[in-house]
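Colleague: With the hints as extra help, turn the sequences into a complete structure.
Order-wise, the sequence lines are chains A and B.
Quick note: the first sequence uses the working numbering, first residue 500, plus one each step.
Quick note: the second sequence uses the working numbering, first residue 504, plus one each step.
It is possible that some hints are incorrect.
[Stated by the list, open to error] Label pairs and their in silico Cβ distance ranges:
id	chain 1	residue 1	chain 2	residue 2	range
1	B	Asp567	A	Asp859	45 to 55 Å
2	A	Pro836	B	Leu531	28 to 38 Å
3	A	Pro836	B	Asp533	28 to 38 Å
4	A	Asp754	B	Pro547	44 to 54 Å
5	B	Thr509	A	His810	25 to 35 Å
[Said to hold, decoys possible] Cross-link-like lysine-lysine pairs, in silico, DSBU-like; alpha carbons within 30 Å at most:
id	chain 1	residue 1	chain 2	residue 2
6	B	Lys505	A	Lys572
7	B	Lys505	A	Lys556
8	A	Lys556	A	Lys828
9	A	Lys572	A	Lys502
These aren't lab readings, by the way, just hints derived from the structure by calculation.
Where a beta carbon is used, it is the ideal one built from N, C-alpha and C, also for glycine.
If you want the building blocks of each chain, they are given just below.
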Amino acid sequence: VIKPIDRIVIVGGGVAAQRCATALRQLDFPGAVTILSRERVAPYDRTLLSKDMLTGKREERLPLTPQTAYQDKGIELRLNVAAAALDVAAQQLLCTDGTALPYDRLILCSGGEPLLPRSLSCPGVLVLRELPHIARLRAALRAIDHLVIVGGGFIGGEVASAATDLGIRATLIEAAPTILDRVLGPDVGSRIGAIHSVCGVEVLTGVAVAAITGEPGLQTVRLADGREISAGAVVVGVGMRPNVDWLSDTPLRLDNGIVTDEYCQTNISKVLAAGDCARWHNPRYGQHMRVEHWDTAARHGAAAAANALGHAEPFAPVPFFWSDQHATKLSWAGYAPAWDRVTIEDCEQPHQFVARYWRDDQLHGVFASGDPRPVARARRELLAANNL
Amino acid sequence: VKPHVTLDPDVCIGSGGCVERAPGAFRLTDEGFSVIVDPTVVAPHNLLDAEVGCPVQAITVDLDP
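Modeller: Right under this line is the structure:
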């Protein structure tokens, strides 16, 4: 006798969790659906935190779906409660409010948290991922005239862009030879660095940060070459780590995230994972990957819903992301951890170009600064090319 | 006044954000791209949320055309 699925519990408050819940209803799942989120508010768009919400162009968070949608679809939102422990034998989740949540299927979309290496950890140092972070960062931006950003990734670039929009001097520090070097390579990285420089950001590359000292309001960043930079506030954007520590004493396989197969299935029966916390096998590329992109997380949540209900849908997306910096749209489609050739095509507008990443004469990724059409087109081509 | 909504199919990447924020106004095709169905079935602010939340700015909304 196969026991019917009556209760599905989703852990997490981001887009993967929200899409997962919606997809369960779209697939006509009639049972109970509960979203357990440690955040105080219903799932919102985190991508705007480092964009319009940082500049103040937008004050309110952007909900991922109208609040009424949860009631209409019979989705229980349990907010301000985190998952504390998982009992796989009893098939229940223990929550920080002392309650136990039994499940027939558990879908882990617990996301991640900003990395803060010990050398960069100092009272007052800021990070950015969730609503409470942006409140602190915006309060700091109102009070200072110079901001240092440690880490030349996309979040760091967006924060630098927002700071200069607000008339605040911004210094962006990256240990690699160019910003975005690891993701996009030195040629494209230096072009994006040039956009920052033209817009007034002081870009320091090829130098690591040794330590941050001071207190909120006045902090000093000491570089590995001995230079010291003082600023009103420091934001650290050097990556994120999957939020899986609370699972370390379970039999769940963890290895830079919750490891799953292409069906979002973990090594534990009835437990699935999706989004930033999951390292899943992408059959399109024949390898496990953990991707920290909003679009991928959204699709991942929906795929986990289908697989929880037994639809056996392999999750094989072509990763896509975007960023907005200094009024320039940056976008990417593909998966290219390594390449042997990058071709760059300049567009008519200054700082606008399309870069294509090749390996063995096969296209693996496309990046655009400016019009995202070439990326949208390439994404369709990469999706159609199943031979990857 | 009926809101005027446009969606550029050449830019859409089918992230589905608009379908979640303005259900019934947009839907995803079987190919995984968004199309406009009926902008009048949702509140105007839901349409504006769909416009703001589109990662590739494929959507424009004019509430007072």
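Colleague: Starting from the range 28 to 38 Å, see whether the pair Pro836 of chain A and Asp533 of chain B falls in it by beta-carbon distance.
Modeller: Check passed, 31 Å falls within 28 to 38 Å.
Colleague: That 28 to 38 Å hint for Pro836 of chain A and Leu531 of chain B (C-beta), does it hold up?
Modeller: holds (29 Å)
Colleague: Holds or violated: are the alpha carbons of Lys556 of chain A and Lys828 of chain A at most 30 Å from each other?
Modeller: holds (17 Å)
Colleague: Decide if the proposed pair is consistent with the structure: Lys505 of chain B and Lys572 of chain A, CA atoms, cutoff 30 Å inclusive.
Modeller: With Cα atoms ~27 Å apart, Lys505 of chain B and Lys572 of chain A stay inside 30 Å; holds.
Colleague: Hint says 44 to 54 Å; check whether the CB-CB distance for Asp754 of chain A and Pro547 of chain B agrees.
Modeller: holds (47 Å)
Colleague: Could one say that the CB atoms of Asp567 of chain B and Asp859 of chain A fall in the range 45 to 55 Å?
Modeller: Distance hint for Asp567 of chain B, Asp859 of chain A holds at roughly 54 Å.
Colleague: Taking 25 to 35 Å as the stated bounds, is the beta-carbon spacing between Thr509 of chain B and His810 of chain A within them?
Modeller: Hint holds: Cβ distance 34 Å, inside 25 to 35 Å.
Colleague: Does Lys502 of chain A sit within 30 Å of Lys572 of chain A, going by the straight-line distance between their CA atoms?
Modeller: Satisfied, since the Cα-Cα distance of roughly 24 Å is no more than 30 Å.
Colleague: Please work out if Lys505 of chain B and Lys556 of chain A have their alpha carbons no farther apart than 30 Å.
Modeller: holds (27 Å)
Checked against the numbered hints above, the structure violates none of them.
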